[in-house]
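Residue numbers (the working numbering), protein chains in the order written: chain A, 1 to 488; chain S, 489 to 747.
FYI, nobody ran anything at the bench for these hints, they're computed from the structure. It cannot be assumed that every hint is accurate.
Label-pair restraints from in silico Cβ distances [claimed, not checked]:
| id | chain 1 | residue 1 | chain 2 | residue 2 | range |
| --- | --- | --- | --- | --- | --- |
| 1 | S | Glu664 | A | Lys23 | 22 to 28 Å |
| 2 | S | Thr527 | A | Ser476 | 34 to 40 Å |
| 3 | S | Pro661 | A | Glu47 | 22 to 28 Å |
| 4 | S | Arg694 | A | Thr4 | 31 to 37 Å |
| 5 | A | Gly14 | S | Ala597 | 45 to 51 Å |
| 6 | S | Ala597 | A | Glu62 | 23 to 29 Å |
| 7 | A | Lys23 | S | Gly654 | 38 to 44 Å |
Here are the simulated DSS-like pairs of lysine-lysine, each with C-alpha atoms no more than 27 Å apart in a straight line [as the list claims (entries may be wrong)]:
| id | chain 1 | residue 1 | chain 2 | residue 2 |
| --- | --- | --- | --- | --- |
| 8 | A | Lys395 | S | Lys519 |
| 9 | A | Lys395 | S | Lys676 |
| 10 | A | Lys81 | A | Lys235 |
| 11 | S | Lys551 | A | Lys423 |
| 12 | A | Lys413 | S | Lys642 |
| 13 | S | Lys519 | A | Lys460 |
| 14 | A | Lys413 | S | Lys494 |
| 15 | A | Lys394 | S | Lys494 |
| 16 | A | Lys472 | S | Lys721 |
| 17 | A | Lys413 | A | Lys382 |
| 18 | A | Lys436 | S | Lys721 |
| 19 | S | Lys676 | A | Lys382 |
| 20 | A | Lys460 | S | Lys721 |
| 21 | A | Lys413 | A | Lys460 |
| 22 | A | Lys145 | A | Lys169 |
| 23 | S | Lys494 | S | Lys600 |
| 24 | S | Lys721 | A | Lys382 |
| 25 | A | Lys413 | A | Lys436 |
| 26 | A | Lys105 | A | Lys126 |
| 27 | A | Lys105 | A | Lys160 |
| 28 | A | Lys413 | S | Lys676 |
| 29 | A | Lys197 | A | Lys145 |
| 30 | A | Lys382 | S | Lys519 |
| 31 | A | Lys382 | A | Lys9 |
| 32 | S | Lys551 | A | Lys394 |
| 33 | A | Lys29 | S | Lys642 |
| 34 | A | Lys23 | A | Lys160 |
Beta carbons are placed, not taken as given, at the ideal position from N, Cα and C, and that holds for glycine.
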Amino acid sequence: MQSTSHAFKDNAHGALADERLQKALGKMKVGFQDKRTRAAARLPEFETLRDQSRDIKNHVLEHLDLYLERFESNVIANGGKVHWCRTPGEARDAIVEICRSVDAKIVTKGKSMIAEEIELNDHLEKHGLEPVETDLGEYIIQLRKEAPSHIIAPAVHLNKEDVAESFMKAHTLLDPHRSLEEPRALVNEAREMLRQKFLAADVGITGANFLIAETGSTVIVTNEGNGDLTQTLPKIHIVLASLEKIVPTLEDASTILRVLARSATGQEFSSYTTFSTGPRRPGDLDGPEQFHVVLLDNGRTAMLGTEFQDMLRCIRCGACMNHCPVYGAVGGHAYGWVYPGPMGSVLTPGLIGVQEAGHLPNASTFCGKCESVCPMRIPLPKMMRHWREREYEKKMSPQAYRNGLSLWAWFAKRPDLYRLGSKIAMGVLGAMGRRKGRFRSLPLAGGWTDWRDMPAPEGKTFHQLWAERQGKAATSATATPSNDRKAA
Amino acid sequence: MDNKTKTPRVGLFVTCLVDLFRPTVGFAAVKLLEAAGCTVEVPSSQTCCGQPAYNSGDRADTKDIARNVIQAFEGFDYVVAPSGSCAGMIKEHYGELFADEPEWAQRAAHLKHRTYELVSFLVDVLGIEAVDAQYAGTITYHDSCSGLRELGVKQQPRTLLRSVEGLTLAELPGAEVCCGFGGTFCIKYPEISNKMVGEKTADIVRTGADTLLAGDMGCLLNMAGKLKREGSKIRVRHVAEVLADMTREVPPIGDTRGA
Numbered sequence: 001m002q003s004t005s006h007a008f009k010d011n012a013h014g015a016l017a018d019e020r021l022q023k024a025l026g027k028m029k030v031g032f033q034d035k036r037t038r039a040a041a042r043l044p045e046f047e048t049l050r051d052q053s054r055d056i057k058n059h060v061l062e063h064l065d066l067y068l069e070r071f072e073s074n075v076i077a078n079g080g081k082v083h084w085c086r087t088p089g090e091a092r093d094a095i096v097e098i099c100r101s102v103d104a105k106i107v108t109k110g111k112s113m114i115a116e117e118i119e120l121n122d123h124l125e126k127h128g129l130e131p132v133e134t135d136l137g138e139y140i141i142q143l144r145k146e147a148p149s150h151i152i153a154p155a156v157h158l159n160k161e162d163v164a165e166s167f168m169k170a171h172t173l174l175d176p177h178r179s180l181e182e183p184r185a186l187v188n189e190a191r192e193m194l195r196q197k198f199l200a201a202d203v204g205i206t207g208a209n210f211l212i213a214e215t216g217s218t219v220i221v222t223n224e225g226n227g228d229l230t231q232t233l234p235k236i237h238i239v240l241a242s243l244e245k246i247v248p249t250l251e252d253a254s255t256i257l258r259v260l261a262r263s264a265t266g267q268e269f270s271s272y273t274t275f276s277t278g279p280r281r282p283g284d285l286d287g288p289e290q291f292h293v294v295l296l297d298n299g300r301t302a303m304l305g306t307e308f309q310d311m312l313r314c315i316r317c318g319a320c321m322n323h324c325p326v327y328g329a330v331g332g333h334a335y336g337w338v339y340p341g342p343m344g345s346v347l348t349p350g351l352i353g354v355q356e357a358g359h360l361p362n363a364s365t366f367c368g369k370c371e372s373v374c375p376m377r378i379p380l381p382k383m384m385r386h387w388r389e390r391e392y393e394k395k396m397s398p399q400a401y402r403n404g405l406s407l408w409a410w411f412a413k414r415p416d417l418y419r420l421g422s423k424i425a426m427g428v429l430g431a432m433g434r435r436k437g438r439f440r441s442l443p444l445a446g447g448w449t450d451w452r453d454m455p456a457p458e459g460k461t462f463h464q465l466w467a468e469r470q471g472k473a474a475t476s477a478t479a480t481p482s483n484d485r486k487a488a
Numbered sequence: 489m490d491n492k493t494k495t496p497r498v499g500l501f502v503t504c505l506v507d508l509f510r511p512t513v514g515f516a517a518v519k520l521l522e523a524a525g526c527t528v529e530v531p532s533s534q535t536c537c538g539q540p541a542y543n544s545g546d547r548a549d550t551k552d553i554a555r556n557v558i559q560a561f562e563g564f565d566y567v568v569a570p571s572g573s574c575a576g577m578i579k580e581h582y583g584e585l586f587a588d589e590p591e592w593a594q595r596a597a598h599l600k601h602r603t604y605e606l607v608s609f610l611v612d613v614l615g616i617e618a619v620d621a622q623y624a625g626t627i628t629y630h631d632s633c634s635g636l637r638e639l640g641v642k643q644q645p646r647t648l649l650r651s652v653e654g655l656t657l658a659e660l661p662g663a664e665v666c667c668g669f670g671g672t673f674c675i676k677y678p679e680i681s682n683k684m685v686g687e688k689t690a691d692i693v694r695t696g697a698d699t700l701l702a703g704d705m706g707c708l709l710n711m712a713g714k715l716k717r718e719g720s721k722i723r724v725r726h727v728a729e730v731l732a733d734m735t736r737e738v739p740p741i742g743d744t745r746g747a
């Protein structure tokens, strides 16, 4: 999708003024956070599982080539095929070619953020194919021609009234006077519409939460069962996954699965956890005739060995954005590309460049909540800071800000001058603010005083007062004849 | 060292915001530390912990400032700051700055193990469980992010506040949610910061408390500024002012005497 990350500030401005969005965000925050807290508290070994999950992925990232090749050889042994793709273009071409080989018309899709990353739907449409999103949230935003605003709840920015409006507009063959007030009615209608597509699809595309090296299996977790219908009914199943999804063994996948749903939605486990191992074998009752894995790099291997390697542990649970106060204030679309929230603020500059996405790692208070809930213990604030360092080196931040910072740092490194400057400045500010105790506006501080008062300083600085106090103590000490100098 | 038999010698890291805006907090810290049996010194070569530069990506200036702090505080038994944010910077981030300079890394590590946030130092290190203070009012408490998540400051201020005569604590729902200050964040993204602090002040008002306390000046300036802009009468103070029984010496943050 076309990035608007560079316009983050404007996007955020719009989001803050959008009352419907604010209503939806208000509901979202409380729900996800409470559920995750309770789920974690119910499992005594939760923190240990987080450590183990982190260690599994760290191990994989040190031996990525080994496990990917093992995965490929097992996929082949199962009768499937792996397509290695460096770029979004290569991945799109590989998928279109597979679709063409069976003269496909309808392509059903399970939820896949990688498909968003490579703008797959647009590309399929350009080649005369009809992509149909089968995850309810994805289906809704496909009808509305919107991008997902959350990696596990793509339509979380919408209220049920928005959805009803979209269904009325899109499903023109149904009774225009039907009632869509109840969420149940919306779900039933979507199910009705999607069932026809499931049966008619020639190709089904899913993402993958895990790729398992020892068996050549791919794993998806869903709550709607749409993934299963997407991958078992059509002739061809294409798994679209980025290469860091690999884990060595089934055991490892099970370990991480135990923290995934708990961190994401607060469920013990998702409703469906589906393992796919190759195409239909003789005697199988169902399954696709062909099984393809389109394996995408798109900048990930370039993050290996850098200060951003830890980001490749991410399992896309969404906990960081569910708990992020900035995401909670502006929602996912403000971030301007596929991945919002803290994980997006680290990953997006890595994938589309820090020039385009430079705002994102800056738009954080470093409150640390994201890191505290990340099941993979990714040090998200630390990596956002690393992006800020790169931006500083490239002189990307506004000149006025850099000048201010340099001036401050110059003083901060010269304690005597700092002392003198702060004494004068605070003396003036303190005198000016004494009557009211605060300022409603201050020169050069509009960013602050447009929104809140600036409390006035007391007047004298601590160091000034401390020096006065020490001076007095010294004077009284010398003035007292009985003072024992040795003891002092 | 054996602290039981010796008077701990504490270097006070004043923090730049306390130095500039609220010197009373520094004196409150001195009073609390002295009452707990420490001797307190204030190295005059200190300025700031370096966080504004660090979080702006300016590593070179950060390292220079950090070296200055490390030098200024060598030789003390403990270094104490009335801020979780600045103490967190020294404890949790200086080491990483000098990852490729072994000598400075060692000096940073030495400082790390001696540095504490004020209230947690009183409770966790000195074992203080009560203070000699009075405050007539209902307070609510905001847990500042760095102190909470980097240093585990949570129960310590509540433990001491419970010993303040006349004080009632009304817990703040969402006490652990960021107030939107975030250092330079509040200047770079003022609209988002405003949204966050607006949600925070709404929560504060709902508690019915007449006083808001916290342990970090940045958050306090932000929340006080917003409350005052909204016309709220809620008084805002650093927790050390209440614990040191110094609330009569200075008006609340953003208020005048008589407020």
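Lys382(A) and Lys519(S): Cα distance at most 27 Å? violated, 36 Å
message = Next pair to validate is Lys413(A) with Lys436(A); report whether the Cα-Cα distance is within 27 Å.
response = violated, 33 Å
query: Can the restraint linking Lys81(A) and Lys235(A) be considered satisfied, given a maximum Cα separation of 27 Å?
result: Roughly 15 Å between the alpha carbons, so the hint for Lys81(A) and Lys235(A) holds.
Please verify whether Lys395(A) and Lys519(S) have alpha carbons no more than 27 Å apart. violated, 45 Å
_Check the hint pairing Lys676(S) with Lys382(A) against an upper bound of 27 Å on the C-alpha distance._
Between Lys676(S) and Lys382(A) the Cα gap is close to 19 Å, so the pair holds against 27 Å.
Would you say the C-beta atoms of Thr527(S) and Ser476(A) sit inside 34 to 40 Å of each other?
-> Roughly 18 Å apart at Cβ, these two residues miss the hinted range, so it is violated.
Under the criterion that the straight-line Cα-Cα distance not exceed 27 Å, is the pair Lys105(A), Lys160(A) satisfied? violated, 31 Å
Agreement of Lys29(A) and Lys642(S) with the hint, judged by alpha carbon distance not exceeding 27 Å: Cα-Cα ~23 Å, so holds.
| request: Verify the proposed pairing of Lys436(A) with Lys721(S), using a straight-line Cα cut of 27 Å. | output: holds, 14 Å
*asked:* Against the 27 Å threshold, does the CA-CA distance of Lys472(A) and Lys721(S) hold or violate the hint?
replied: violated, 37 Å
_Straight-line alpha-carbon gap Lys105(A) to Lys126(A), limit 27 Å_ = holds, 12 Å
Can you confirm whether the C-alpha distance between Lys551(S) and Lys394(A) stays at or below 27 Å?
holds, 19 Å
The structure is inconsistent with the numbered hints 2, 8, 12, 14, 15, 16, 24, 25, 27 and 30, although it conforms to all the rest.
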